[in-house]
Every structure is written in structure tokens, then in C-alpha cells.
Amino acid sequence: MKTLAETGVGETVLVAKLQGEGPTRRRIMDMGITKGTEIYVRKVAPLGDPVELTVRGYELSLRKKDAELIEVE
Amino acid sequence: MDIKIALAGNPNCGKTTLFNDLTGSTQYVGNWPGVTVEKKDGRLHGRKDVIIQDLPGIYSLSPYSLEEVVARNYLVGEKPDAIINIVDGTNIERNLYLTTQLAELGIPMVIAVNMIDLVRKNGDKINLTKLGGELGCEVVTMSALKGEGGLAAAEKAIAAAQQKKVGEPPHVFTGSVEHAIAHIEESISGLVDPGNLRWYAIKLFEGDDKAVASLNLSSELKAHISGHVKDCEKEMDDDAESIITNQRYAYIARLVSAAVVKKTQKGSLSSSDKIDRVVTNRLLALPIFAGVMWLMYYISVTSVGGWATDWVNDTLFGGLITGGAASVLASLGVAPWLQGLIVDGIIGGVGTVLGFVPQMLLIFFFLSLLEDSGYMARVAFIMDRIFRRFGLSGKSFIPMLVGTGCGVPAVMAARTIENEKDRRMTIMLCTFMPCSAKMVIIAMITATFFPHSSWIAPSMYFLSIAVIVLSGIGLKKTSYFGGEAAPFVMELPAYHVPSLKGVLIHMWERSRAFIVKAGTIIFTACVVIWFLSNFSWSLQMVDIEHSILAGVGSAAAWLFAPLGFGSWKGAVAVISAEMAKEQAIGTLAVLNGVAGDAGDAAVMKGIAGMFTAMGAFSFMVLNLFDPPCIVAIATTAREMASRRWAAIAIGYQIAMGYFLSFECYQFGNFFFFGAAFGIGQIFALVLAAAAAWLVLRPAAKTAAGTLAAEARA
Numbered sequence: 001m002k003t004l005a006e007t008g009v010g011e012t013v014l015v016a017k018l019q020g021e022g023p024t025r026r027r028i029m030d031m032g033i034t035k036g037t038e039i040y041v042r043k044v045a046p047l048g049d050p051v052e053l054t055v056r057g058y059e060l061s062l063r064k065k066d067a068e069l070i071e072v073e
Numbered sequence: 001m002d003i004k005i006a007l008a009g010n011p012n013c014g015k016t017t018l019f020n021d022l023t024g025s026t027q028y029v030g031n032w033p034g035v036t037v038e039k040k041d042g043r044l045h046g047r048k049d050v051i052i053q054d055l056p057g058i059y060s061l062s063p064y065s066l067e068e069v070v071a072r073n074y075l076v077g078e079k080p081d082a083i084i085n086i087v088d089g090t091n092i093e094r095n096l097y098l099t100t101q102l103a104e105l106g107i108p109m110v111i112a113v114n115m116i117d118l119v120r121k122n123g124d125k126i127n128l129t130k131l132g133g134e135l136g137c138e139v140v141t142m143s144a145l146k147g148e149g150g151l152a153a154a155e156k157a158i159a160a161a162q163q164k165k166v167g168e169p170p171h172v173f174t175g176s177v178e179h180a181i182a183h184i185e186e187s188i189s190g191l192v193d194p195g196n197l198r199w200y201a202i203k204l205f206e207g208d209d210k211a212v213a214s215l216n217l218s219s220e221l222k223a224h225i226s227g228h229v230k231d232c233e234k235e236m237d238d239d240a241e242s243i244i245t246n247q248r249y250a251y252i253a254r255l256v257s258a259a260v261v262k263k264t265q266k267g268s269l270s271s272s273d274k275i276d277r278v279v280t281n282r283l284l285a286l287p288i289f290a291g292v293m294w295l296m297y298y299i300s301v302t303s304v305g306g307w308a309t310d311w312v313n314d315t316l317f318g319g320l321i322t323g324g325a326a327s328v329l330a331s332l333g334v335a336p337w338l339q340g341l342i343v344d345g346i347i348g349g350v351g352t353v354l355g356f357v358p359q360m361l362l363i364f365f366f367l368s369l370l371e372d373s374g375y376m377a378r379v380a381f382i383m384d385r386i387f388r389r390f391g392l393s394g395k396s397f398i399p400m401l402v403g404t405g406c407g408v409p410a411v412m413a414a415r416t417i418e419n420e421k422d423r424r425m426t427i428m429l430c431t432f433m434p435c436s437a438k439m440v441i442i443a444m445i446t447a448t449f450f451p452h453s454s455w456i457a458p459s460m461y462f463l464s465i466a467v468i469v470l471s472g473i474g475l476k477k478t479s480y481f482g483g484e485a486a487p488f489v490m491e492l493p494a495y496h497v498p499s500l501k502g503v504l505i506h507m508w509e510r511s512r513a514f515i516v517k518a519g520t521i522i523f524t525a526c527v528v529i530w531f532l533s534n535f536s537w538s539l540q541m542v543d544i545e546h547s548i549l550a551g552v553g554s555a556a557a558w559l560f561a562p563l564g565f566g567s568w569k570g571a572v573a574v575i576s577a578e579m580a581k582e583q584a585i586g587t588l589a590v591l592n593g594v595a596g597d598a599g600d601a602a603v604m605k606g607i608a609g610m611f612t613a614m615g616a617f618s619f620m621v622l623n624l625f626d627p628p629c630i631v632a633i634a635t636t637a638r639e640m641a642s643r644r645w646a647a648i649a650i651g652y653q654i655a656m657g658y659f660l661s662f663e664c665y666q667f668g669n670f671f672f673f674g675a676a677f678g679i680g681q682i683f684a685l686v687l688a689a690a691a692a693w694l695v696l697r698p699a700a701k702t703a704a705g706t707l708a709a710e711a712r713a
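Sequence lines, in order, name chains G and U.
If you use the working numbering, the first sequence closes out at 73, no skipped numbers anywhere.
If you use the working numbering, the second sequence closes out at 713, no skipped numbers anywhere.
No wet-lab data here; the hints were simulated from the structure.
Each hint should be verified, as a subset may be incorrect.
What the hints assert, rightly or not - The calculated lysine-lysine pairs, modelled on DSBU-like cross-linking and capped at a C-alpha distance of 35 Å, are:
1. U:Lys262 <-> G:Lys43
2. G:Lys64 <-> U:Lys39
3. U:Lys210 <-> G:Lys64
4. U:Lys4 <-> G:Lys17
5. G:Lys35 <-> U:Lys274
6. G:Lys2 <-> U:Lys274
7. G:Lys65 <-> U:Lys477
8. U:Lys40 <-> U:Lys4
9. G:Lys64 <-> U:Lys164
10. U:Lys40 <-> U:Lys79
11. G:Lys17 <-> U:Lys146
12. U:Lys230 <-> G:Lys65
13. G:Lys64 <-> U:Lys421
14. U:Lys164 <-> U:Lys146
15. G:Lys2 <-> U:Lys4
Stated by the list, open to error - Stretch-level coverage of chain G by chain U, calculated; a stretch enters the list once three of its residues show a Cβ under 8 Å from a Cβ in chain U:
16. 12-26
17. 48-54
18. 57-70
Note that CB positions come from ideal geometry on N, CA and C, so glycine has one too.
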């Protein structure tokens with residue numbers, strides 16, 4: 001299954017499932033990334049990590065490691 | 001009876017601007033009891049009976065972060081009379097997520113949609129009545145930056161508080177979820193305040209540890225509730241927490257599509273996005289960032305800040321006040337010891353503190369500017385990758401940078417780091433950066449002992465960076481700091497032009513904390529040191545060579561012999577440096593007979609005979625890397641909020657200072673000054689090897705690490 005970490009810049013994907021547990025997962029959900037949410041990968045930071053995503057109309061930065069928890073389609 | 005109104009909202013929603021507008025100079029900044037989260041409250045302008053309580057900016061009322069727990073404990077436990085929920089109108093979906101949770105608390109609430117001017121500029125339309133009807137409370141609009149609507153929102157909140165009007169909570173949950181929650185409400189209906197019933201029921205459904213613990217349920221009841229929840233989880237094929245958050249956002253999506261008309265097309269660039277195309281651009285981001293940091297540093301430390309500090313220290317205190325006081329006291333015929341106490345002890349002490357103030361004001365001014373404009377988040381975004389390598393987050397960059405000005409605001413700046421371990425490590429390490437007081441030591445030592453070398457001073461900066469990096473790597477190998485890196489899920493707020501008033505208030509708040517804290521501590525310390533250095537054990541006034549301090553210094557001198565300056569004067573200088581780092585130089589000067597108000601050249605001549613060049617270098621290194629001045633130590637203790645951690649931090653710094661100074665002296669003497677390879681050098685080699693092992697060894701197994709590994713297997 002493809003994860004958000006494997007999604008390229010400029011692509012738009014939908015969230016299929018959230019892995020992980022505890023504070024990280026809760027935080028990701030609280031920030032609006034839930035099943036079926038549309039995510040646009042806007043850019044990558046100059047040093048390669050984290051990535052900047054557009055979620056529900058605002059900009060969110062997420063480390064690639066945490067992006068691996070988000071399965072997308 | 002006072003009316004208490006709480007301000008709740010996401011970070012970056014304009015809450016602070018509103019708070020400043022409503023309370024202005026009446027605001028008081030402290031800490032929530034027992035934690036290091038900032039607490040702000042104040043009285044509403046013109047209404048002596050209305051208290052405005054600012055809550056930390058939060059995205060949700062989950063049990064996982066300190067800010068959220070503090071906020072919810074206040075809302076559920078202390079129950080304010082009303083809440084003003086500030087919602088960023090340009091970001092409405094995510095902001096309403098918190099709103100749905102606040103609406104379940106059973107507290108009268110008013111929603112203030114902020115940044116309404118931007119909403120209008122974007123061409124979006126928000127149907128306030130519809131929004132309010134669904135959410136069960138009044139909705140008003142506001143533009144906090146422009147100063148419009150804030151007071152009206154407060155008035156509505158007061159009215160709601162007085163009428164004790166609690167609206168019906170929104171119908172967020174559907175079908176079997178609502179069913180299960182209703183069941184839970186029934187089961188616990190005797191145990192909680194009816195106003196809190198719904199909130200607790202939902203928390204119990206989610207399996208919120210803290211809520212469960214606070215209710216002290218019988219294991220029977222727990223099992224009963226758990227049964228309901230599991231049925232629901234099976235039916236919806238998801239876990240309880242996800243079910244709740246999904247349903248909240250689903251509800252919000254429906255609400256927004258009914259009540260908000262968005263003009264902006266998906267995929268079009270906002271002006272913030274356009275700015276970011278340049279500012280966080282792959283190629284331009286780092287140069288721009290370096291430029292911004294350099295500018296901030298240049299103005300606040302080198303040029304304007306430096307001149308102002310020099311003026312305060314040399315002209316104002318050095319000349320006018322000290323001279324004036326001395327002549328007044330002399331003409332009054334005041335006893336010499338009292339004169340000494342007042343002029344050298346008290347005025348000297350106060351002068352030391354106030355000397356910091358110009359630079360501090362400027363540093364805080366720029367920091368506030370960066371934060372309020374939104375650029376600070378970009379700093380964390382750009383720097384994260386580097387800092388993550390050694391167990392810190394991108395947000396750790398700022399305390400490190402501020403530490404080059406002064407360690408006190410640096411340690412305080414670590415508050416922005418949510419993760420406790422990251423925060424602790426940052427606090428421990430950021431004072432290794434040479435602050436402006438330490439720069440005095442660097443400047444004086446290099447000018448006196450290494451006048452022809454231009455690389456020694458800058459190399460101290462690189463050394464401190466190396467020490468921080470290697471410490472971070474080494475500490476990450478320990479079982480406490482090791483383990484998975486903390487999640488870095490951070491909003492990049494839209495840029496906006498910060499309000500001057502807001503920046504100035506921000507700047508003043510932090511500086512005032514320093515002046516008051518530093519004022520009392522440094523002042524006391526200066527008086528104490530003055531006493532110890534002017535009195536003998538028999539409490540007679542003597543010159544410093546026969547004073548108590550000299551006695552203490554002589555007793556401790558042997559400790560510093562391996563570092564190349566085993567004299568009582570060196571020991572005394574190190575002790576006095578703990579009062580204020582630049583005192584190291586001042587004390588050395590005084591001990592060598594240089595008058596208190598002599599210029600730099602005289603000081604240099606005075607100390608030149610004290611050390612060998614290598615001893616001077618290692619003296620400098622010790623003072624750079626041992627614990628910072630006592631004010632910074634006190635700030636560290638406060639920010640760690642744990643005596644154990646304060647002790648660990650200081651212990652680590654003592655060890656680091658001594659270790660580095662020892663290594664420098666032993667190896668330096670051997671390589672540069674032709675000393676023989678003796679026992680000192682052998683010890684130095686052994687210690688260096690031990691240090692290398694601590695940094696290079698494989699990471700210690702942490703409990704979390706092994707569990708996670710097992711789960712994945």
C-alpha cells in the first residue's frame with residue numbers, strides 16, 4: 001500500500017488508513033488528517049525533510065518518518 | 001463575584017492579540033501550577049469585575065500534550081463563567097474541530113471568527129446565523145489586528161455568563177456512536193456534574209486515560225462501558241479514537257459546506273504560499289535564513305545593542321551613577337564599608353543586570369517579530385532535519401541562537417518545544433553557546449594572551465557547536481533520551497504583518513521577567529560576593545587578599561591545577577563568574593590591583609601576569625562550558641520544573657567544562673608548548689577515549705524501542 005512518504009511533490013492523494021498509535025497518531029488526526037481527507041504535497045524542505053502538505057485549506061509540515069504511517073490512494 | 005472568561009483557540013488564531021487588546025497593561029504572566037506552561041490572565045479594560053483568562057493555544061482537548069491537559073483541567077475543573085472561542089476564519093475547518101469539543105463542556109460560549117477582514121478580502125462568505133444555530137451559541141466576527149469586534153465579543157460573553165446560557169451541543173455523532181455515548185452518559189450520571197456529563201462520556205468512549213483515572217470508576221463499570229465501545233468499534237471497523245475524530249471532521253465538513261461559501265479555488269496560491277515559494281525554496285531558503293539571522297544578530301548584539309550596552313555599563317553606571325553616588329556618600333561622611341556596599345556591591349550589582357537590558361530588549365524584539373510574522377515556523381521547518389539527527393527538533397534552533405546573546409532568554413525560549421525530552425535536552429545544551437557575557441571573556445583573553453591570532457575567538461563558536469552536536473548524539477544514546485524521535489506535526493501559519501503593539505508587549509513581557517528575576521538574584525549575589533571579598537573571617541573589613549573569598553579560593557585552588565591555573569585568584573575568578581560570566585574578567589582585574597573603573601588596557605596589563613598562555617586558554621574554555629551564570633542556572637531550574645533534572649543539567653555542565661578545559665590544557669601544552677607527555681596527558685587521553693565511546697557506542701535499548709520492535713515483528 002502506498003504511503004504519504006512515497007507520494008511525490010505536486011501530487012494529491014486521499015487518506016486510506018492511519019497506522020501507528022498513541023500521541024503521534026492522535027496528533028495527526030487532530031490536525032485534520034482522517035480517513036478520506038484530501039492531501040496535497042506542496043514541497044519538501046530544503047534539506048530533504050520534513051514535507052509541507054496542504055490539508056483542509058492550511059499548510060502542515062510532517063516528517064517523512066511520520067508520513068510513513070499514513071496510507072494513501 | 002468576579003466573572004471569569006476564558007479565551008480558547010488554536011495557536012496562531014489571533015488569541016494573543018485579542019488578549020492584549022482586552023487586558024492591556026493589566027495582564028499578569030506566570031505559570032500554571034506545577035508545569036512549565038505559561039499562564040496569562042488580566043482584567044478587562046474598564047470592568048473591574050471581569051477576569052480574562054488566556055488558555056494555551058491548542059488544537060484539541062486530547063490527553064497527550066501538556067498544553068491541552070492544562071487547558072482541559074482548567075475548563076472542566078475550574079469552570080469559567082464563559083468561553084470566547086476564537087476561530088481563524090481563513091482556516092475554519094481545523095479551527096472548528098476544537099470548537100465542537102468546547103461546545104460539549106456545558107459552559108456558555110461565544111464564537112469569535114477572527115481575521116474577518118482577510119476572509120472578506122478572499123471573497124469568502126460565512127453564514128454566522130447558520131453556524132451559530134448548529135453549534136448552539138452566538139457567533140460574531142472580529143479582526144483582532146485591526147482592533148475591531150474584540151470588545152463586542154467580550155460583551156456577548158459577559159451576557160452569556162450572566163444568563164448562564166448554555167446552548168445545545170451540536171449533533172456531531174451519528175447512529176451507533178451517539179447511541180453508545182448516550183449509554184455511557186446514563187452509566188456515569190451520578191458520578192459527575194451534569195454539565196460535564198457529555199464531555200466525560202465522550203472521553204470515556206475514546207478511552208482517554210486521564211479522564212478515566214480522574215473518575216475512579218469501579219472495574220465493573222469500566223467493563224460495562226468497554227463492552228459498549230468494543231461493539232461500536234467492531235461495527236464501524238475502526239478504533240474508538242479514530243471514530244470520534246473522523247465523525248467530528250465529517251460533521252465539520254458538512255457544516256462548512258452549508259454555512260461557508262469559499263471563493264478561492266483549490267490549488268490556487270495564497271500570498272503566503274507565494275512568499276514561501278521564495279522563502280522555503282530549495283535553493284534560497286538557507287541563504288535567506290542566514291541573512292535574517294545575521295541581521296537580527298548584527299543589530300541586537302553587535303551594533304545598536306552593543307553600543308547601548310556599552311553606554312549603560314561604561315557611561316551611565318561606570319561614570320555617572322557610580323561617580324555621583326561615590327561623591328554624595330563621601331560628602332555625607334558615610335562609613336567606608338557602607339560606601340563600599342552601596343557603590344560596589346549594590347550599584348555594581350544593579351548595573352550588571354541593567355547592562356544586559358538593551359541587548360535583551362532588541363533580541364526579544366526580533367524574536368517577537370519573527371514569531372508573530374509567522375517566519376519562526378519556517379525556521380523550524382528548515383532546520384528540522386539537522387537537529388533531528390542529534391535528538392532535538394527544528395525548534396531547538398532558536399534557543400541555541402538566542403543563547404549567543406544571553407542564556408536566560410534562550411532557556412526560556414525552549415518553552416516552544418512541546419516534547420518534554422527535546423525540551424530538557426535543549427535547555428541543558430543551549431547555554432553552551434557563548435553568550436555576550438562569555439564573549440567578554442573571549443575578547444579579553446584573546447586580546448591579552450593571543451593578540452596576533454584572529455582565529456581563536458571564532459573557533460570558540462565552532463567548538464560550542466561541536467560540543468552541542470556531540471552532546472546531543474551522546475545523550476541520544478542513553479536510555480532516557482533515546483527512542484523514537486518525537487512527532488513533528490507543525491502548522492505553517494499564514495504570514496502576516498505583526499502589530500507593533502503586539503510585538504512590543506511580547507518583548508516587554510519577556511524582558512521584564514528577566515529584569516525581575518535577574519535583578520533579585522544577581523543583586524543578592526553581587527552583595528554576597530562583595531561581602532565575601534571585603535571581609536575576613538573575623539568580620540573585619542580587609543582588602544581582597546585576606547578576605548573570606550580568598551580563603552575559599554585557596555582551598556579550592558588545587559582543583560584547577562590540572563587545568564593550568566591552580567591559584568586562589570583563578571579559583572575566585574571562576575566562582576565569581578558564576579554570578580555573571582563577565583565577572584571572571586572583572587574579578588581577575590580587581591584581584592590584580594586594577595581599579596574598578598579602569599579601561600580595558602589597564603585590565604589587560606593587570607591580568608597578563610596571571611596565567612601562562614595555555615592556562616589562560618583553558619581558563620577561558622572552563623568559563624565558557626561550565627554552568628552558566630546563576631541567573632541562567634535559576635532559569636534552568638525553573639524551566640526544568642524538576643530538581644532532579646536541574647541537578648542533572650548542572651552536573652553535566654560542570655563535567656563538560658572541567659573535561660574540556662582539562663583536555664585543552666594537557667593536549668595544548670603538549671602540542672603547542674613543548675610539554676612532555678606525562679601523567680596529565682595520559683589521563684587526558686583516557687578521558688578523551690571514554691568521551692569518544694559515549695558518543696560512538698550503539699544506542700542503549702529503551703523500553704519503548706524494544707516494544708516497538710516487537711510490535712513490528
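>> Run through the hints listed earlier and report the numbers of any the structure violates, in increasing order.
In response: 4, 9, 11 and 15
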